[in-house]
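Engineer: Okay, here's what each chain looks like letter by letter:
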Amino acid sequence: MIFSSELQEFTGEERTEVSATSYRVLIDVLVAKYSRLSFDQLTDLAVAIDGVIIVDPLLEPLSSDTEVHFLHFVAGG
Amino acid sequence: MSEAREYKYIGQRSIRPDGFDKVTGRANYGADMTLPGMIWGKILRSPHAHAKIKNIDTSKAEALSGVLAVATYQDFPTADKKADLARNILADDKVLYHGHAILGIAATTSAIAERALDLVDIDYEVLKPVMDIRDAMAADAPLLHEDMITEGYAEAPTTASNVATRLEMKMGDVEAGFKEADVIVEGDYYTPTVHQGYIEPHACVVRYDEDGQSMIWCCTQGHFDVRGSTANILGMNLSKLKVIASEIGGGFGGKTTIYLEPVALVLSRKSGRPVKMVMDRDEVFKASGPGSATRNWVKIGAKNDGTITAMQAKLHYEAGAFKGSPMMMGCMTAFTPYAVENMYVEGFDVVVNKPKVAAYRAPGAPQAEYAAEMVVNEIAEKIGMDPIELRLKNAAKEGTQTIYGPKFKAVGLVECLEAAKNSPHYKAALKENQGRGLAAGFWFNIGGQSSVTLNMNPDGTGTIVEGSPDIGGSRASMQLMAAEEMQMPAENFRPIVADTEHVAFSAGTGGSRTTFATGMAVIEAAQDVIRQMKERAAAVWNVTAEQVDWADGVAINTAGEDRLTAAEICKGAERTGGQISGRGNINARGAGPSFAVHLCDVEVDRDTGKVDVIRYTAIQDAGKAIHPSYVEGQLQGGAVQGIGWALNEEYVYGDDGLLQNPGFLDYRVPLASDLPMIDSIVVEVPNAFHPFGVRGVGESGIIPPLAACAYAVSQAIDAPIRDLPCSPPSVLKVIQENS
Chain A
1 MIFSSELQEF TGEERTEVSA TSYRVLIDVL VAKYSRLSFD QLTDLAVAID GVIIVDPLLE
61 PLSSDTEVHF LHFVAGG
Chain B
1001 MSEAREYKYI GQRSIRPDGF DKVTGRANYG ADMTLPGMIW GKILRSPHAH AKIKNIDTSK
1061 AEALSGVLAV ATYQDFPTAD KKADLARNIL ADDKVLYHGH AILGIAATTS AIAERALDLV
1121 DIDYEVLKPV MDIRDAMAAD APLLHEDMIT EGYAEAPTTA SNVATRLEMK MGDVEAGFKE
1181 ADVIVEGDYY TPTVHQGYIE PHACVVRYDE DGQSMIWCCT QGHFDVRGST ANILGMNLSK
1241 LKVIASEIGG GFGGKTTIYL EPVALVLSRK SGRPVKMVMD RDEVFKASGP GSATRNWVKI
1301 GAKNDGTITA MQAKLHYEAG AFKGSPMMMG CMTAFTPYAV ENMYVEGFDV VVNKPKVAAY
1361 RAPGAPQAEY AAEMVVNEIA EKIGMDPIEL RLKNAAKEGT QTIYGPKFKA VGLVECLEAA
1421 KNSPHYKAAL KENQGRGLAA GFWFNIGGQS SVTLNMNPDG TGTIVEGSPD IGGSRASMQL
1481 MAAEEMQMPA ENFRPIVADT EHVAFSAGTG GSRTTFATGM AVIEAAQDVI RQMKERAAAV
1541 WNVTAEQVDW ADGVAINTAG EDRLTAAEIC KGAERTGGQI SGRGNINARG AGPSFAVHLC
1601 DVEVDRDTGK VDVIRYTAIQ DAGKAIHPSY VEGQLQGGAV QGIGWALNEE YVYGDDGLLQ
1661 NPGFLDYRVP LASDLPMIDS IVVEVPNAFH PFGVRGVGES GIIPPLAACA YAVSQAIDAP
1721 IRDLPCSPPS VLKVIQENS
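Just so you know, the sequences run in chain order A and B.
Under the numbering used here, the first residue of the first sequence is numbered 1, with each subsequent residue one higher.
Under the numbering used here, the first residue of the second sequence is numbered 1001, with each subsequent residue one higher.
Because the hints were derived from the structure by calculation, they are not lab data.
Here a beta-carbon is modelled for each residue, glycine too, at the ideal position from N, C-alpha and C.
Take the hints with a grain of salt, since some may be wrong.
[To be verified] Only some residues are given here: those of chain B computed to face chain A with a beta carbon under 8 Å: (1) R1166; (2) M1169; (3) K1170; (4) E1186; (5) F1252; (6) G1253; (7) A1362; (8) Y1404; (9) K1409; (10) S1512; (11) R1583; (12) N1587; (13) R1589; (14) A1591; (15) F1689; (16) P1691.
[Stated by the list, open to error] Chain B is nowhere near these chain A residues, computed Cβ spacing over 10 Å in every case: (17) S5; (18) T16; (19) D40; (20) D44; (21) V52; (22) D65; (23) F70.
Given these sequences and hints, build the entire structure.
Structural biologist: Below, the structure is given as structure tokens:
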């Protein structure tokens, strides 16, 4: 897990390793680990899983060594 | 898919399916719909930039013969009533910009509705307007929203301000990076409020039936978004509202939101009649969503060998009257063409008494990348390095860590820079009073939800039913992708953009997502059809589907000599299981970023400050150009809009906050006669996450022109340019100040 500058204000660290089999589980793990993070806060963000940006990844499976970044939703013109 | 491959249909310059309708005038746009019993709606707009509404008296207007309904903010009934979108569509107790809509009136004729607007009495308390970021951020600035507390600080401020949001992004140690630098350049840059300049004004025709079932016909980039936003404001179930997307005469991001539709529906409900509303050009400029004005500071450090060691920016974006500028995307894009370890970007979203901004091609990116690219060019000049070589030395490539999160997969910036370096344009000599500018641009491109149904006909032709309004020739691209996948001629497929009741949800056309995401849905639907075709053929031949191949639109029995064409299978579909119809409902992932590099030559008249673009080349990575003509068109269109932004376009406000140039005579967009042919070079570095390698090309092309043009002007006059536009008076001023 690599946190954006904004999320680091809530996590106090730039990166962490957690065990999760899916994005849905990952959110629960992170909310449990960092008391200042909320479920809605995280699910309001897009995610890059191993460099692939995914919008609404709720059921996305994760495997070992997966790198996850939270990032802002991007809207275009 | 990551390797370049040969295609049979993709890459053809086929005639667009909607072409004949558009060149003959048969195509129906927003204002072209007429319904029996239809009446006309008009909007009363604020004559002030900032004022409290103390009282509204509509009695005289309502008494006018022919007036059938009046709609105000009080007619928006939902819990979401206080949402900014609703308050932008009709003002509540305060008007926040010149032209802010206050109420709507519907009458039997347009003229009566106009006359009725003049009969409305409104008592205002006029307030001092805030028209610029600096003024808005001053400690004693009048507040647009007295309850707005800046978000984004670890400790929330205790007092309200006009700064809606503060954002910070960082990588590495920027201070350490500057210490490593041999040369540091910094500067303040201004970009003005600009409009997308679409030709077709906003327009809709609506009907609210007795049972509450409603219909909206409108020009939009996303009719599902129109449905969602309108239903939300009016408290309607989505099933009660059908939205039909008309043909669209340009959007460029400006038609991703709503202005008229909820008002028109209220007027229709109250009057019991269909209602048409059409903005005039004055209204489009005053009250639709322009692109943000910005004030941005950028500082970059580099070693004498060209290695960039640190990049820093402080970005201020005007949001207009309500929070929500594309500042965040400016922060994410400003330095993304560069593989630099140390970056720090701070952004501010600031409200001012101007219309709420809307998306405009690569929203947020042109302004931030303008400042960054200008400083990169100055760095190259200072260390005596070719600007392309400097960029090649620091170019983002596969594996580069971005400031916004992920590392890049394969991207085509280096290929674009090499194409620029090898172009005849870059090698051409310049004459006196001429200058050359170069700039790069980055845009993410996006995926998202798209839905497609491919209905096969008994003769083997098919109808592609999609939900993505066609702005830039996407029907033709869908047709070609279906043809490639089915291995059948493109003209066998008829693409149509269906309404919200006849195709499943599709996100709007924008962000360069349609050819990528809706194209993937088309491919998936085609694969579904092929699967069904093979199953039907297998059933006829009494073999398994696995024993059936598909080639050139023909099912082949690998266990024998049998062949069945698509037409034969579809003709017999009634006897083999019924209609063959493929479906592709996806949430596309893996959008591939698109980089662009532009070269601009200008000639400046030193007596008048007039700038002429004399040569221009736009280079961009398309991933794969499905229809090369429309890809080139996107590159050229983006370049021209960016040139306008750089050289002429700006909203001009008086001290009273009133817009002084709401029309194309005074808001000068570039015309064909103003410009040379825009040469385009399409680079193809396939996106590994699209079956055909597509990236999307609609956005990146508007980013580089700002810096390419401005730097060319600065080279021509041998003086620095900081503020846009480079209009004659502003260029003349720079010349005089530096002579």
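Engineer: Among all the numbered hints in the text so far, which are the ones the structure does not match?
Structural biologist: Violated: hints 1, 4, 11, 16, 17, 21, 23.
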